[in-house]
Amino acid sequence: MILALLLAAAAPVVGVLEFRDKVPPEQRIDVAYLSDQVRAAVKEVLPQSRVITRENMLVLLQASGRKLEECEGECEVDTGRRIGADLVVSGELLRFGTQYKLNMKLHDTGQGELLSGSVAGGATADELERDLRPAVRRLLAPLLQDRLSDQREEARETTVQRVRPLPSTAAAVWIVAGYDWTSHTGTLASAPGSAFGWDLGGHLFFRIAGPLYLGALLDYSLSGPNELLAAGGVRLALENLGISAGGGYANLASGGWGVLGAVDFGLGSGFSLRGQASWRRASTDTLPRQEITVASVMGGLSLQF
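Okay, so the sequence shown: first residue is 7 according to this note's numbering, each after it adds one.
Treat the hints with caution; some may be incorrect.
Claimed, not checked - Derived pair list, reagent style SDA-like, types lysine to any residue, alpha-carbon separation capped at 20 Å:
hint, residue 1, residue 2
1, K107, T130
2, K107, L138
3, K111, Q33
4, K111, G128
5, K107, V125
6, K49, T130
7, K111, E98
8, K107, V37
9, K107, L150
10, K28, G123
11, K28, D132
12, K111, V19
13, K28, L150
14, K107, Q33
15, K49, C81
16, K28, Y39
17, K107, Y39
18, K49, E135
19, K107, A131
20, K111, S55
21, K28, P148
22, K49, V37
23, K111, L150
24, K107, E135
25, K49, A38
26, K111, P140
27, K111, G203
28, K28, R143
29, K107, G127
30, K107, P30
31, K111, Y39
32, K111, A38
33, K49, R143
34, K28, E98
35, K111, V179
36, K107, G128
37, K49, G71
38, K111, A69
39, K107, S70
40, K28, K49
For the record, the hints were derived by calculation from the structure and aren't laboratory data.
Construct the entire structure; sequences and hints are all you get.
Below, the structure written as structure tokens:
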């Protein structure tokens, strides 16, 4: 929790203390160079951090009367506080068997807590240097894990905010225009014809499960042969898209039946682009009998409530 708050606030300040050299004199390598390489690796692994340079750190330590080689444990934490670091990396270079070992520790100066430890090793100075960056990444792993957890939580919260809950009802009115294709069969059959038409309509659906709605729709022709379609139907509500279909009573000179399918694509502020297609058929009750079939394809605007 502490680390999460630290990383969520301003960029953490990291101090890398000079490493204590416990290697026998005849086998010693440049410890100051290793400290600089660790500082560079910290900045690479935590690019948002502010890493204190050796020059600034030495000035701050001289002002406080501290000597790095005399600091261990709590003294390292206190030194980190004196130089204004949120996190402090300390360690020692030693010879163990045939290997150089750089034993590093990461402390949280605010709580005085040891966060992690990591060891870089190698039989030669070159091998030790090659192992520095992987070791620093292991050392900073708790910070990386907390940052990843924070990013995942932020992403989850953002996703939850973006996904709007579906309403319990879906109501809309529309006006569309397009073409009607009409055909007649029977004793007075005539050649198929087409005409431009306007339709007004509306629907009311109730959500029954997830994005699935059941309800009814009305579609009325202002011109052309369509007249009225009153139907029961189903609607599927997606993020920016509504797909509906229904079937029922159609009035074409006499009673009949018809089906209608439509797609509404949201534009914002409740308005949607609407495309719809319908097919209706009715038979006359009087002689001579004839059958009327009307198919239409239209597009327009709908207003969702």
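The hints, checked one at a time:
1. K107 with T130: holds, 10 Å
2. K107 with L138: Roughly 10 Å between the alpha carbons, so the hint for K107 and L138 holds.
3. K111 with Q33: violated, 23 Å
4. K111 with G128: Judged against 20 Å, a Cα distance of about 18 Å means the pair holds.
5. K107 with V125: It holds: about 7 Å lies between the C-alpha atoms, which stays within 20 Å.
6. K49 with T130: violated, 25 Å
7. K111 with E98: holds, 9 Å
8. K107 with V37: holds, 12 Å
9. K107 with L150: violated, 24 Å
10. K28 with G123: Holds, at roughly 18 Å.
11. K28 with D132: The hint holds at about 18 Å.
12. K111 with V19: holds, 16 Å
13. K28 with L150: violated, 30 Å
14. K107 with Q33: Within the cut-off at roughly 12 Å; holds.
15. K49 with C81: Distance of about 24 Å is beyond 20 Å: violated.
16. K28 with Y39: holds, 15 Å
17. K107 with Y39: holds, 15 Å
18. K49 with E135: holds, 16 Å
19. K107 with A131: Status holds; Cα separation ~10 Å.
20. K111 with S55: holds, 17 Å
21. K28 with P148: Since the Cα atoms of K28 and P148 sit roughly 28 Å apart, the hinted pair is violated (cutoff 20 Å).
22. K49 with V37: holds, 19 Å
23. K111 with L150: holds, 16 Å
24. K107 with E135: This hinted pair holds, its Cα atoms lying about 11 Å apart.
25. K49 with A38: holds, 17 Å
26. K111 with P140: holds, 14 Å
27. K111 with G203: Violated, because 79 Å separates the two Cα atoms, which is more than 20 Å.
28. K28 with R143: Violated. K28 to R143 sits at ~24 Å, over the 20 Å cutoff.
29. K107 with G127: holds, 5 Å
30. K107 with P30: holds, 13 Å
31. K111 with Y39: holds, 18 Å
32. K111 with A38: Holds. K111 to A38 sits at ~17 Å (cutoff 20 Å).
33. K49 with R143: Holds: K49 and R143 sit about 11 Å apart, inside 20 Å.
34. K28 with E98: holds, 7 Å
35. K111 with V179: violated, 68 Å
36. K107 with G128: This hinted pair holds, its Cα atoms lying about 7 Å apart.
37. K49 with G71: violated, 27 Å
38. K111 with A69: It is violated: about 24 Å lies between the C-alpha atoms, which goes past 20 Å.
39. K107 with S70: violated, 30 Å
40. K28 with K49: violated, 26 Å
Violated hints for the displayed structure, listed by number in ascending order: 3, 6, 9, 13, 15, 21, 27, 28, 35, 37, 38, 39 and 40.
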